[in-house]
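Residue numbers (numbering that gives the first Met the number 0), protein chains in the order written: chain A, 0 to 530; chain B, 0 to 240.
Hints in this document: simulated from the structure, not taken from any laboratory.
Treat the hints with care, as some may be off.
Restraint ranges, calculated between C-beta atoms of paired labels, are given here [said to hold, decoys possible]: (1) A:R183 - B:E205: 21 to 27 angstroms; (2) A:D82 - B:N163: 36 to 42 angstroms; (3) A:R183 - B:I212: 17 to 23 angstroms; (4) B:V6 - A:S435: 32 to 38 angstroms; (5) A:K516 - B:I212: 48 to 54 angstroms; (6) A:L231 - B:N151: 38 to 44 angstroms; (7) A:D205 - B:D207: 22 to 28 angstroms; (8) B:S214 - A:D205: 39 to 45 angstroms; (9) B:D44 - A:K98: 52 to 58 angstroms.
C-beta: ideal position from N, C-alpha, C; glycine also.
One letter stands for each residue in the lines below.
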Amino acid sequence: MARKFVIKPKLHGSGFSKAGNTGLKSWQAINELIANSVDSWIMSEQHKKSDLIVKVELDNRTNDLKNSSLRIVDNSLGMSEKDLEKLVNHYESDKPNHKYGKILLGLYGFGFKGSTGNLGRKITVITTDNTKEYYKFSIVHSELDEMGLEPEINAEAFDHESTTKKLFNGSPTGTIIQIEDFRRSIPPAILYDWLPVSWQKFMTGDVLDLDGKPISKRLKLYVGSELTKENLILPYSTEAHKDTLTPINLKFEWFEGKNKFKGVAEGFFGFRFKNASMVTQGINIYRNGQLIERYNHSLYMGKADKHNDHNSLVGELNVNVAVNTVKTTLEDSEAEKALKEAFYKEFQPYKPTVRLMSIAVSKDKEHIDLAIANYRKEFNMTLSSSQKSILNSKGSLIDSSTETNKSNKSGTKTSKSVPKNKLNINFKMIDWNQFSLEGKNYTVEFNPFDGNPDNVPYTITSPTGNSLPIYVYIKHPNGAIIMDAQSKQSKNRSDKFLLQLIVYEAIEAFLNRLNFKKKDILGVKEIVLER
Amino acid sequence: MNDKFFVKYNQVVELFELGTYEDEQWRMQLATLLTELADLWPNIDFEDLELQLNDYLWRIKQIHMWAGLDINSILDELDAHGSLYFMDAKKYLNPEEIDDILEKFWEISGDSNLPKSGTIYRLAIGKLKKLEQIKKNKSQKSKLELLIQKLNKFEKHKWDVLLNLASDWESEERFLRIVKDLTKINSKIKKSDFNYFVDYLVYLIEKDYIQEIVSDNKAELTKKLLFDDLIKELKEYAKKP
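Input sequences plus hints: build the corresponding full structure.
Structure representation (structure tokens):
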């Protein structure tokens, strides 16, 4: 005989269906339910003793959503009769203050309502944390909507018998969430596409426990009605070549009002050579091991960058910044801006290489090995003996496609303006304001100008012939200083240095216009300023 | 697109049309504008730029070519003939032909008070017919372009089906936008979307969103035909040349 009891949620009956209007995608809603299983596994400290087994059964009927169903079963701690009250209330969760709060995935006590309500209109929960009885209740949104201010959910407690003691993936404790009457179709391909990326960190033991050591037990995720090898989901791999793995360790700060916050992001990026899909390039972002965003490229791509040039770039980042209520994306916040700025800055030195790596994907193994060896050398990573010998025999890679593009872009005369080997710039200072570039002489001209159009001391304009003109606005106080410095530079080192800086600025703009590489331009800076 | 770019591009077009190549001010102004244009040139394909600028594709390509030169080369070219087209046309002419045309051009221009660059185009037109032939021979389509050409020919109702399915699959916004555009009459895949669109279709096949349908369910007939066509075309595309 079942014992009946009533759960009284402290919210309006329509709160359940409304909670589903979160705009979640199906994969996100399903992940929220799996995240609850993971949290239960950690909070009960079962993560130290046994694997977490989660089974996802989907019966999607595109033309009969009413009779479609999704069932998620775990062998975790399960819930007590008392816990059921919290489950159905909004924003009531023990997680933030729990011993393991820092590493838990749930934040706000909203995941269950938000995600089940998003997927379907009828929800059934079967759960227990003990071996004596188990509990079952169903929520039908339309019925609760009608109950208004004082909704009641009828629940039952059943005796736990030998057969039911294996209900939860072979375990006596755990939870089954069943969702029926779908709001939309959930194609099975979504599960196979998203689950391996979403949970790969828990599947491979790449998540840290409170003590900073990896969690030794794993999440085993099955899709299907049986716990068979065929139904086991295998973890996603970025397929980044091991020799290109580059660690990312970012610390960043931001302000919210007057309060200063600190964030940390750790992970890696690398280059893959097995495929180069524009769809799957990018960084997968996780929070405490749960996927937040997949294939993100906004972290490293500037507005002018070509998506196509980054197809070999992949990586993972685990962040500790705030995410929105249902962890579907990084919050559009100061924290997110600070993370993006930090990543973009960190990534700058690698940008020229990204294109070379994406070109290498389409080449043979020899070219790929050379690209990898070059990469390791450029970023001071240790080189294997074979990489050393590759470099000794073949040298550097040049972005030949850039050369080709330039050639196409500029027509027949490009060879005049862009040196063939841009890594070796033929630059020499002849006088304080004269230099030779690729055998041609140029002069940086300081032209006094009796006006002050932009309220700046000087303006560098487009080069004409062999001149790099600078207009010095003599009515600006600092403009007068610049003109004055020209006559005093032989006696005064500060004046000389001031002019050197301005001359370099003009040369830098000129070299940028000619598409010289940053590295070469920095070399020129040394020459100009060392005089 | 940057407003500055739009304005400067149109200034360049006007100056080239004016074509007063012996006027130093004209040359300086045009050269400066072209170098500025190079810095502002947006990172999008010519075909998309064609729509945004509402200008001829050939002119956009020619101006892009000019803007890619260094300022000295621009000034040299402007000084010699100032013709938008002639610089490109030279690639397909031998040195004797170029000298011959330039000499005639200067000869004619010498008699004029205000010589115009346009004359050189007329002088070169005979040779350019040959050039057109060369260009036609050269323009063999890539495998990707051939695939896109085939996809562009798909019946519109098939894209309607894919759009509904892709929404269920929670596909990326960019992909949904492209498919939505394709459902419209006379719409084609934009060049800037070629790679992405094909990559996404390959992805959908790899992940079994698009798969062979074996059932004879009539309700799924359009879907079956669409999937069969997509799989067939992408298999063809994936074959090595």
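Going through the hints against the structure:
For the pair A:R183 and B:E205, the beta carbons lie near 24 angstroms from each other, so the given range of 21 to 27 angstroms is met. Roughly 41 angstroms separates the CB atoms of A:D82 and B:N163, a value that falls within the hinted 36 to 42 angstroms. Separation of A:R183 from B:I212 is about 21 angstroms and conforms to the stated range, judged on CB atoms against 17 to 23 angstroms. Taking the beta carbon of each, B:V6 and A:S435 are about 36 angstroms apart, inside 32 to 38 angstroms as hinted.
Between A:K516 and B:I212 the CB atoms are about 52 angstroms apart, so this pair conforms to the stated range of 48 to 54 angstroms. One distance hint, 38 to 44 angstroms for the beta-carbon pair A:L231 and B:N151, holds here, with the actual separation near 42 angstroms. The hinted range of 22 to 28 angstroms is satisfied by A:D205 and B:D207, whose Cβ atoms lie roughly 26 angstroms apart. Separated by about 41 angstroms at the C-beta atoms, B:S214 and A:D205 satisfy the suggested range of 39 to 45 angstroms.
For B:D44 and A:K98, the hinted distance range of 52 to 58 angstroms is satisfied, since their beta carbons lie about 56 angstroms from each other.
Checked against the numbered hints given earlier, the structure satisfies every one of them.
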